[in-house]
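Peer 1: As they're listed, the protein sequences go chains E and U.
Position 110, counted from 1, in the first sequence is what our numbering calls 110; the numbers after and before it change by one each time, with no gaps.
Position 406, counted from 1, in the second sequence is what our numbering calls 406; the numbers after and before it change by one each time, with no gaps.
One or more of the hints may lead you astray.
[To be verified] With a straight-line Cα cutoff of 27 Å, these simulated DSSO-like cross-link-like pairs (lysine-lysine) come out:
no., chain 1, residue 1, chain 2, residue 2
1, U, Lys-48, E, Lys-170
2, E, Lys-168, U, Lys-16
3, U, Lys-156, E, Lys-170
4, U, Lys-48, E, Lys-168
5, E, Lys-42, U, Lys-156
6, U, Lys-52, E, Lys-170
7, E, Lys-42, U, Lys-52
Simulated from the structure, these hints should not be mistaken for lab results.
Because the structure is a prediction, the values reported are computed rather than measured.
Residues per chain are reported as follows:
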Amino acid sequence: MGSERLAVRFEGQAWTFGDNIDTDVIIPARYLNTSDTAELAKHCMEDADPDFAGEVQAGDIIVGGNNFGCGSSREHAPLSIKGAGVSYVIARTFARIFYRNAFNIGLPILECSAAVDGIGPGDQVVVDAATGRIKNLTTGEEFAAKPIPPFMQEIIAAGGLIAHVRRKVKASAP
Amino acid sequence: MAMTITEKILARRAGKDRVTPGELISARVDAVLGNDITAPLAIREFKKIGVKRVFDPERVILVPDHFVPNKDIKSAEQAKIMREFARAQGLTNYFEVGRMGIEHCLLPEQGLVGPGDVIIGADSHTCTYGAVGAFATGVGSTDLAAAMAQGETWFKVPESIKFVYEGERPEWVGGKDLILHTIGDIGVEGALYQAMEFTGPAIDNLSMDGRFTMANMAIEAGAKNGIVAPDERTVNYVRDRAQRPYEIFRSDPDAVYARTIVYDVSKIEPQVSFPHSPDNTRAVSAAGNVEIDQVVIGSCTNGRMEDLRLAARVLGRHNVHKNVRLIILPGTQEIYRQAMEEGLIATFIAVGAAVSTPTCGPCLGGYMGVLAKGERAVATTNRNFVGRMGHPESEVYLANPAVAAASAILGRIAHPGEVI
Ligand code: SF4
Numbered sequence: 001m002g003s004e005r006l007a008v009r010f011e012g013q014a015w016t017f018g019d020n021i022d023t024d025v026i027i028p029a030r031y032l033n034t035s036d037t038a039e040l041a042k043h044c045m046e047d048a049d050p051d052f053a054g055e056v057q058a059g060d061i062i063v064g065g066n067n068f069g070c071g072s073s074r075e076h077a078p079l080s081i082k083g084a085g086v087s088y089v090i091a092r093t094f095a096r097i098f099y100r101n102a103f104n105i106g107l108p109i110l111e112c113s114a115a116v117d118g119i120g121p122g123d124q125v126v127v128d129a130a131t132g133r134i135k136n137l138t139t140g141e142e143f144a145a146k147p148i149p150p151f152m153q154e155i156i157a158a159g160g161l162i163a164h165v166r167r168k169v170k171a172s173a174p
Numbered sequence: 001m002a003m004t005i006t007e008k009i010l011a012r013r014a015g016k017d018r019v020t021p022g023e024l025i026s027a028r029v030d031a032v033l034g035n036d037i038t039a040p041l042a043i044r045e046f047k048k049i050g051v052k053r054v055f056d057p058e059r060v061i062l063v064p065d066h067f068v069p070n071k072d073i074k075s076a077e078q079a080k081i082m083r084e085f086a087r088a089q090g091l092t093n094y095f096e097v098g099r100m101g102i103e104h105c106l107l108p109e110q111g112l113v114g115p116g117d118v119i120i121g122a123d124s125h126t127c128t129y130g131a132v133g134a135f136a137t138g139v140g141s142t143d144l145a146a147a148m149a150q151g152e153t154w155f156k157v158p159e160s161i162k163f164v165y166e167g168e169r170p171e172w173v174g175g176k177d178l179i180l181h182t183i184g185d186i187g188v189e190g191a192l193y194q195a196m197e198f199t200g201p202a203i204d205n206l207s208m209d210g211r212f213t214m215a216n217m218a219i220e221a222g223a224k225n226g227i228v229a230p231d232e233r234t235v236n237y238v239r240d241r242a243q244r245p246y247e248i249f250r251s252d253p254d255a256v257y258a259r260t261i262v263y264d265v266s267k268i269e270p271q272v273s274f275p276h277s278p279d280n281t282r283a284v285s286a287a288g289n290v291e292i293d294q295v296v297i298g299s300c301t302n303g304r305m306e307d308l309r310l311a312a313r314v315l316g317r318h319n320v321h322k323n324v325r326l327i328i329l330p331g332t333q334e335i336y337r338q339a340m341e342e343g344l345i346a347t348f349i350a351v352g353a354a355v356s357t358p359t360c361g362p363c364l365g366g367y368m369g370v371l372a373k374g375e376r377a378v379a380t381t382n383r384n385f386v387g388r389m390g391h392p393e394s395e396v397y398l399a400n401p402a403v404a405a406a407s408a409i410l411g412r413i414a415h416p417g418e419v420i
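Construct the complete structure from the given sequences, taking the supplied hints into account.
Peer 2: Written out as structure tokens, the structure reads:
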């Protein structure tokens with residue numbers, strides 16, 4: 001996890017999806033009888049694109065529309081995406097539980113409408129984690145994502161929510 | 001400074017005089033909730049934090065309800081992780097099969113959530129408890145783990161949208177129809193990150209069960225929470241159940257809202273949400289001829305006493321249509337018992353329904369009524385996403401219990417007026 005956070009550049013192929021991609025299509029409930037990330041990754045996005053889990057490459061990027069990750073609170077959804085090797089999810093907006101969950105488990109996400117409009121399926125995309133700049137290498141277009149709120153940055157810097165809390169707990173121990 | 005009910009509750013638990021929308025706060029939680037899907041993951045994360053005990057064994061509530069009674073070996077293993085954790089931590093509010101219910105029916109019934117509470121649950125429909133005037137919202141397993149350890153969590157204070165429901169509800173129009181109509185109007189992201197505050201004379205006249213249904217589906221409009229200010233009806237409901245002291249908050253008359261939306265409910269018909277989105281609503285009369293294979297009456301949305309009474313009233317002496325499987329799931333063991341006492345279960349069985357012990361089961365396509373390819377169901381549940389109740393090419397139509405019962409009799413989406 002640590003090395004992922006230190007990397008400043010993520011490059012991969014874009015997988016585009018539409019608006020309101022819900023957590024039931026990201027990871028259908030029929031697979032929720034386990035919380036094993038590798039197992040969940042095998043079925044990632046299955047009901048939106050049955051080929052996705054088999055073809056996605058490490059570093060690839062998911063591009064969604066509005067309200068990405070709406071529906072259930074299942075953390076299995078961002079876990080399955082992370083487990084599938086996806087480096088970033090870019091969307092116009094995220095559903096709020098998904099947004100929290102993604103930061104908590106260390107799945108990088110960015111809100112950027114211009115990028116959603118300017119990235120097509122299969123485009124080669126680069127994300128600069130430090131600046132939130134996104135570049136479509138296929139078209140040459142560049143986009144600036146909405147800055148990540150400082151509190152979320154703190155969670156990322158700590159290595160996720162659990163590490164953040166562990167640090168707090170240790171600090172307050174007698 | 002004027003505040004909304006949501007702002008007042010959050011300010012109190014954050015130990016502040018006031019909070020404003022957009023502000024990040026750390027707030028104490030009155031209770032936290034997990035189920036057999038989300039708790040195992042939370043327990044795994046909790047163990048990494050380095051504290052031995054949960055913050056309060058009475059306030060960490062675990063309810064196995066999604067895949068229990070265990071549907072397969074894997075789900076049995078998950079439920080076991082939860083059960084063992086509950087025993088090891090001495091949790092007083094772990095509810096075993098045969099003594100449980102669907103979490104969002106169970107917690108209010110048991111008086112575990114009350115007015116003025118801040119509740120988080122690793123389940124998106126935790127927003128249901130807004131019906132008693134609590135601030136309640138869904139989170140993921142990692143947030144649950146952190147709150148189990150600390151008894152607090154962080155929130156961004158949401159803006160509120162005020163919904164005013166005026167006029168008198170026509171017959172067969174209940175809380176489900178008001179909320180489906182609302183979601184159809186504002187869309188599945190119409191209240192993204194915001195609080196939905198339900199007010200007006202039609203809410204004053206709505207039963208607690210109807211209010212639970214409305215608050216339950218706030219998440220279906222993307223909201224952080226749904227809330228109804230407590231009134232006499234609320235107090236009557238919570239007074240004898242409350243396991244902790246509660247506090248009543250109401251919005252100031254001059255509180256600031258992101259917007260105010262007014263509906264005249266006398267113009268609303270029973271609603272149906274067509275596949276594959278809760279905001280794809282139509283009036284039942286405009287549904288056309290939609291033949292169905294299954295009807296599900298139950299869930300945290302419509303599995304309460306009022307819902308079962310309504311279903312029994314419409315079913316009456318009609319038989320379930322020969323092409324339809326009608327599955328009825330009382331929300332809790334207590335609701336099941338009372339439905340037996342009132343003769344509702346006898347009615348259901350007589351007309352040819354399958355009645356089950358409380359479980360989420362088919363609502364999320366878990367078990368007990370999973371749909372095959374191409375099948376269609378009318379359900380009183382809250383989501384009709386692709387694959388929600390089974391095969392990705394099956395379809396779910398959301399409706400109130402009276403419409404669901406009428407549809408079960410006629411084998412197609414039907415208005416209750418057609419059979420009564
Ligand atoms: S009944 Fe359905 S919506 Fe409610 S908690 Fe269970 S699975 Fe979730």
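Peer 1: Quick one: which hint numbers does this structure break? Sort them smallest to largest.
Peer 2: As far as the earlier hints go, 5 and 7 are violated by this structure, in ascending order.
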